[in-house]
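Taken in order, these protein sequences are the chains called X and V.
So for the first sequence, our numbering puts the first residue at 1; every next one is plus one.
So for the second sequence, our numbering puts the first residue at 1; every next one is plus one.
Derived by calculation from the structure, the hints in this document are not laboratory data.
Computed from a predicted structure; not experimentally measured.
Ideal placement from N, C-alpha and C gives every residue a C-beta, glycine not left out.
Incorrect hints may appear among the rest.
[Stated by the list, open to error] Derived CB-CB ranges, DEER-like:
| # | chain 1 | residue 1 | chain 2 | residue 2 | range |
| --- | --- | --- | --- | --- | --- |
| 1 | V | F207 | X | Y330 | 37 to 43 Å |
| 2 | V | E116 | X | K78 | 53 to 59 Å |
| 3 | V | V39 | X | Y330 | 29 to 35 Å |
| 4 | X | N74 | V | H62 | 35 to 41 Å |
| 5 | X | G197 | V | K468 | 37 to 43 Å |
| 6 | V | K109 | X | A52 | 44 to 50 Å |
| 7 | V | K468 | X | D36 | 25 to 31 Å |
[Said to hold, decoys possible] Coverage of chain X stretches by chain V, computed from C-beta distances (three or more under 8 Å per stretch; other residues unrestricted):
| # | segment |
| --- | --- |
| 8 | 117-127 |
| 9 | 131-139 |
| 10 | 300-311 |
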Amino acid sequence: MAFIDNALITKIKTLHANDLGAEDYHELLKKRSISDVAAYLKKHDAYKEILANVPEASLNRSRLEGLIKRQKFNQTIKLIKFLTLKDKSFYSISLVHMEHEVILAVIRSFISSDEYDVVSQIPHYFDHYSKIDFVKLTKTSNMEQLVAALEGTRYQKMLKMFAGVKNEDIRYYEFESLFESDYYDYAFKQISANYKGKLKLSLENAFKSRIEMENMIKVYRLKKFYGVEDNDIKAILIPSTRIVEKKLDEIIAIKDPADILKAIVASGVGPFMDDKDQIYLEYFNDHLRFHIANKFMYYSTAAPAVFLAYTFFGELEVENLTHIIEGIRYQIDEHEIRTMLVF
Amino acid sequence: MISKLKLVNLTTQEEHLDKLLNNFVTFNGFHAVDPNRIVSTVHGAGAYEASNPCEPLINDLHEIEKLVNLKFETKKIVCFTSSIDKIQAFIEQSHKKITAKYSAIQKIKEEIKTYEDALFQVRNIENMKTPFEDLFKARFVALRFGKLPIDVADRLRFYDQKPFIFLPFAERDGVIWCLYLTTNEYKMEIDNIFTSMYFQRIHIPNFVHGTPDKASAALEEEIKRLKDQIEGLKNELHDYAKSSEGKFDEVMGELQFLSDIYVARSHAVRLGERVTLTGFIEQKQVKKFENHFKGMPEIDIQIQDAEADKRFSPPTKLTNNWFSRPFQFFVEMYGVPSYHDIDPTMMVAITYSLLFGIMFGDLGQGLAVSLIGLLMTKFTKNALAPILTRVGIFSAFFGVVYGETFGQTAFLTPFYAWLSGIFGREIHPIHPMDNSMTMNLLLATVAIGATILLTVILINTIAKFKTKKYADALFSSNGLSGLMLYGFILAAIVMQMLLGVPNVFNPVTIVIFIVIPIILIFLKEPLERKLNHHKMFPDGVGGFLIEGFFELFEVVLSYVTNTLSFLRVGGFVLSHAGMMLVVATLMQMTSGAGSIFVMIAGNLFVMGLEGLIVGIQVLRLEFYEMFSRYFEGDGNMFNPLF
Chain X
1 MAFIDNALIT KIKTLHANDL GAEDYHELLK KRSISDVAAY LKKHDAYKEI LANVPEASLN
61 RSRLEGLIKR QKFNQTIKLI KFLTLKDKSF YSISLVHMEH EVILAVIRSF ISSDEYDVVS
121 QIPHYFDHYS KIDFVKLTKT SNMEQLVAAL EGTRYQKMLK MFAGVKNEDI RYYEFESLFE
181 SDYYDYAFKQ ISANYKGKLK LSLENAFKSR IEMENMIKVY RLKKFYGVED NDIKAILIPS
241 TRIVEKKLDE IIAIKDPADI LKAIVASGVG PFMDDKDQIY LEYFNDHLRF HIANKFMYYS
301 TAAPAVFLAY TFFGELEVEN LTHIIEGIRY QIDEHEIRTM LVF
Chain V
1 MISKLKLVNL TTQEEHLDKL LNNFVTFNGF HAVDPNRIVS TVHGAGAYEA SNPCEPLIND
61 LHEIEKLVNL KFETKKIVCF TSSIDKIQAF IEQSHKKITA KYSAIQKIKE EIKTYEDALF
121 QVRNIENMKT PFEDLFKARF VALRFGKLPI DVADRLRFYD QKPFIFLPFA ERDGVIWCLY
181 LTTNEYKMEI DNIFTSMYFQ RIHIPNFVHG TPDKASAALE EEIKRLKDQI EGLKNELHDY
241 AKSSEGKFDE VMGELQFLSD IYVARSHAVR LGERVTLTGF IEQKQVKKFE NHFKGMPEID
301 IQIQDAEADK RFSPPTKLTN NWFSRPFQFF VEMYGVPSYH DIDPTMMVAI TYSLLFGIMF
361 GDLGQGLAVS LIGLLMTKFT KNALAPILTR VGIFSAFFGV VYGETFGQTA FLTPFYAWLS
421 GIFGREIHPI HPMDNSMTMN LLLATVAIGA TILLTVILIN TIAKFKTKKY ADALFSSNGL
481 SGLMLYGFIL AAIVMQMLLG VPNVFNPVTI VIFIVIPIIL IFLKEPLERK LNHHKMFPDG
541 VGGFLIEGFF ELFEVVLSYV TNTLSFLRVG GFVLSHAGMM LVVATLMQMT SGAGSIFVMI
601 AGNLFVMGLE GLIVGIQVLR LEFYEMFSRY FEGDGNMFNP LF
């Protein structure tokens, strides 16, 4: 087992060595067009394979973003295929997240206008690796049809109670929350089933930290932008065993959303960032992930932790590149884009 | 060897700075020190701005060079008389004229690309007998030609219920050349779907009429016409640039001169009204440097020893003869020697060439490698080329010793017959594959290795004495103690086993040459502390003994492993001979032209594969076995401003 773990760690670290580094981001920040970004990535080990046959000039923003996501997916699949371990189900965690994204995209199509093309919103190349029949899914137009199309998957049971909900009554954030809970449930179940001792604790803590941060951001958003009631907010949050309920209630009870920001900073991520970083809310979550990923990638000797770090780094890389591409598209100043990146 | 340097201070009043810099930039070979070192240590000192306004203008000129496909000569300027505004105006004006034509060319190129795409599509449906105008005028059906990226084509299966027909023609460069048909009623929806899949529509130009074969001819003719148009524009561009070439050369020269002044100024330090430029020059250049500023009484030149100012560590300027100079490449790859170190280049040149020659001995192949090296030196800037020229000669020499020319022994037989005649007795080449020779050959290579190791330990000992690092010189495993221990064991083995001298290992020699050196090596660090008047065992004796024991074990082991490492030299001699034997056997199995082909291909294969492996293996011996004993490589390269 230890040998297989070491082989996997070596493989992950080899792949990670090809990821974009600080120098690459500094170079990319200087680019002023999508084709310049594409030309740079085309020469980089991390993306040269996927961009080899794509002429830079023909690339637009969404296509480049799609290709970047696909490349990260290909690399994760490369690792998962490499595995023959009994804890393989833990490593499928990023695929579970992708399945959630697909179902959410379909639900979005029910509440969007007719022009919304759900097929363009889902990673079509992923259906070979999922039990969900994507073609069937994209042909549904309401919750009832969706639940029927999910036959044979665990999602049918999960969504059965929503089968009767009419399109106009769909509350999208409820589904977001449901899938978020499912993601963390899956993670904790796999961790409990496969690992013990210090490794179990550190993996659980990594997820719990994310939950706590996401909860706080959610409270901030729901209060500031949607004016949701405190009780409703509490129902949407994902329970975490680490943070005491009283503390959570205290945060929910804060009236001024700006004070929640202060609470987030006081929660422990503050020391990692300076004042000007706080202009961008997701930065907190990104920075936390970066911190966890760094710790696992460079100090852990357990394959699941290193793998988790790799997936976190992968997510951050995709987000960083998306910020750069969007920033260029909307002609945002280089320094402002930089504040959104975590590397 | 390492050139002797001098530390130079050039000082003047700030009002004379321009005069100083005007003259300074025409002197080659001044290594400026980092001005911040002075600014951070001298109260009130300040540096000049590092920005260089000439850089963007020079980049503009380079862009013009690329546009007109010309290389401007940088005209040598000794004094700047123009103004930067004038230069800027000239570059902007030229740029404008050139880019106007260049943009026209780019536009036509894009047009050609569109037509070429259309041509490729039209050829895909060459068998169709329907004229294009009929296709595009259809009342109920809409037709779109275009390209679809292969990676998204898989998405088409999600739209199987949608009313369209998709016809792929060919796959090229990651796209599918295709067309789709739909009814006018669903045109918008289907166009939307294909747009979301990054479908790139190819428009068939309006002038294209008739059936596809006629359309092809029309398109080809149009493409040819546009290409001719580009040629015309290119000639106009070239003529314009040629007519102003002299002016461009002048501007380039002026900008370069001005840019050098800015670079030099960024290294100057201002203290009150005085300005100083500090740096290193070669000792042999001192006279020339002083003459360079002759007749300028407002400039003070202060020449000091390289180490007069402890804030600056002198850089290293390697100076080597024609033979060893190319091997500096290997030395710099490992690290630059510090100013007081010894320059290992000559040692590398000799040992590298010798070991390569022994391992790759073949007269024909050696001369061929040399010739390839010569040609590469002439036509490329490859740093390995001159090394190939030199090692090839050594290969050729050892080829004569082994009697081999392109793996054949017959070629050198008359030479050995002639040698035998001269010396009056039979003289044969050394055949590595002879049974009687193999063991001797392996032992000989170990002996060569041991000699090389002894030499590098001796070099290190001398170098450490020179730099007054007495503890390293006396007690290190690569110092006098190591020399005595390793040298004695080697000498004793030779004397006792080969020369039959009895009783070399006796209690007296063992104590003097083995026990005492081992104790000194073991106690090197405490002794070094003692020499520096510190406590010998600051962390206690117990811990030191355990750590020291393992270190000593490693030191003794490294003598054995480093020596045996040279066995690879013998191994490669045998491997080379073995591979050439295979080539010879294959040649015997074929006849006529086949045999010649096998000989050429076999020799090329052996030269390519084994030449590379031997080159790497010798470099490994240099870096690992030798450099680790006498070379640290922690210096800075002498890097003159101009």
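How does the coverage statement for the segment 131-139 of chain X fare against chain V, requiring three or more residues with Cβ below 8 Å from a Cβ of that chain? holds (count 4)
Proximity test - 8 Å, beta-carbon atoms, the segment 117-127 of chain X to chain V, at least three hits: With 5 residues in contact (Cβ-Cβ under 8 Å with chain V), the coverage given for the segment 117-127 of chain X holds.
Can you let me know if the beta-carbon spacing of X:G197 and V:K468 is within 37 to 43 Å? Between X:G197 and V:K468, where Cβ atoms are some 56 Å apart, the hint is violated.
Holds or violated: the 37 to 43 Å window for the beta-carbon distance between V:F207 and X:Y330? Holds - the Cβ-Cβ distance for V:F207 and X:Y330, about 40 Å, lies within 37 to 43 Å.
Can you tell me whether the CB distance of X:N74 to V:H62 sits inside 35 to 41 Å? Holds: the Cβ-Cβ distance is about 39 Å, inside 35 to 41 Å.
Measuring from beta carbon to beta carbon, are V:E116 and X:K78 in 53 to 59 Å? The hinted range 53 to 59 Å is violated for V:E116 and X:K78, with Cβ atoms some 37 Å apart.
CB of V:K109 to CB of X:A52, is that within 44 to 50 Å? 23 Å, violated
Taking 8 Å as the C-beta cutoff, is the stated coverage of the segment 300-311 of chain X by chain V satisfied by three or more residues? violated (count 0)
Using the Cβ atoms, figure out if V:K468 sits within 25 to 31 Å of X:D36. Distance hint for V:K468, X:D36 is violated at roughly 56 Å.
Beta-carbon spacing of V:V39 to X:Y330 - inside the hinted bounds 29 to 35 Å or not: Given range 29 to 35 Å: violated, Cβ gap about 42 Å.
In this structure, the earlier hints numbered 2, 3, 5, 6, 7, 10 are contradicted, and the remaining ones agree with it.
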